[in-house]
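Engineer: Take a look at the letters that make up each chain.
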Amino acid sequence: KQEVTQIPAALSVPEGENLVLNCSFTDSAIYNLQWFRQDPGKGLTSLLLIQSSQREQTSGRLNASLDKSSGRSTLYIAASQPGDSATYLCAVSIEYGNKLVFGAGTILRVKS
Amino acid sequence: NAGVTQTPKFQVLKTGQSMTLQCAQDMNHEYMSWYRQDPGMGLRLIHYSVGAGITDQGEVPNGYNVSRSTTEDFPLRLLSAAPSQTSVYFCASSYSYGGAEAFFGQGTRLTVV
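Chains as they are written, first to last, in the working numbering: chain D, 51 to 162; chain W, 46 to 158.
Honestly, the hints are just simulated from the structure, not real lab data.
Since the model is a prediction, treat every value here as computed from it, not as a measurement.
Possibly wrong hints are sitting among the right ones.
With a Cα cut of at most 20 Å, we get these calculated EDC-like pairs of lysine to aspartate or glutamate [claimed, not checked]: (1) D:Lys118 - W:Glu146; (2) W:Lys54 - W:Glu117; (3) D:Lys51 - W:Glu117; (4) D:Lys161 - D:Asp117; (5) D:Lys51 - D:Asp77; (6) D:Lys118 - D:Glu67; (7) W:Lys54 - D:Asp77; (8) W:Lys54 - W:Asp101; (9) D:Lys92 - W:Asp83; (10) D:Lys51 - W:Glu104; (11) D:Lys92 - W:Glu146.
Based on the provided sequences and hints, a complete structural model is requested.
Structural biologist: Set out below in structure tokens:
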């Protein structure tokens with residue numbers, strides 16, 4: 051059974067720091083990995099999607115990498131801002147048809 | 046572009062009541078699914094559908110029923126609500142090929158008392 055773990059569970063950093071969120075999964079047979087952002091009481095916003103054949107994706111200050119063989123992904127946030135404060139979720143697609151298995155998330159707080 | 050729309054946003058039920066959570070998408074996606082989100086546990090798959098007339102169970106299907114009569118709509122029915130079903134429910138849609146990007150609704154926060 052695929053399991054997804056996110057470390058750390060919570061992170062508090064001062065504004066301007068570069069930071070890394072980690073996601074690991076137990077079965078390398080995935081179709082893609084997606085990073086989401088969730089604001090309190092809100093839905094999920096897709097940040098980055100990495101296909102299983104890709105190594106990384108970038109969007110603005112965000113960079114996500116994927117090492118399928120070792121079952122790891124990292125989300126790098128450059129020059130963090132208070133507006134980045136949210137819960138970050140990673141999910142892997144495990145079947146044709148797009149079943150997703152989620153990690154429990156990392157709660158990020160960026161202090162001004 | 047509406048994307049994935051869920052209604053209602055909030056609901057309070059008494060134990061034993063039934064209700065339907067609505068989900069609609071306007072992206073002509075074949076694949077639709079329902080997840081529940083509980084504190085500290087991430088999202089878990091309840092039911093999913095790969096097209097009109099085809100549904101299947103996910104990880105936590107007990108107490109829930111689904112049907113898919115159209116491509117656009119995928120309602121989730123709670124048959125007899127229990128306090129353990131207090132949760133935030135999310136509907137998602139995507140194209141059905143592996144690797145397609147998933148799009149989520151804004152969620153329904155359900156409390157069963």
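Engineer: Against which earlier hints does the structure fall short, listed by number upward?
Structural biologist: Failing hints, ascending: 3, 4, 6, 7, 8.
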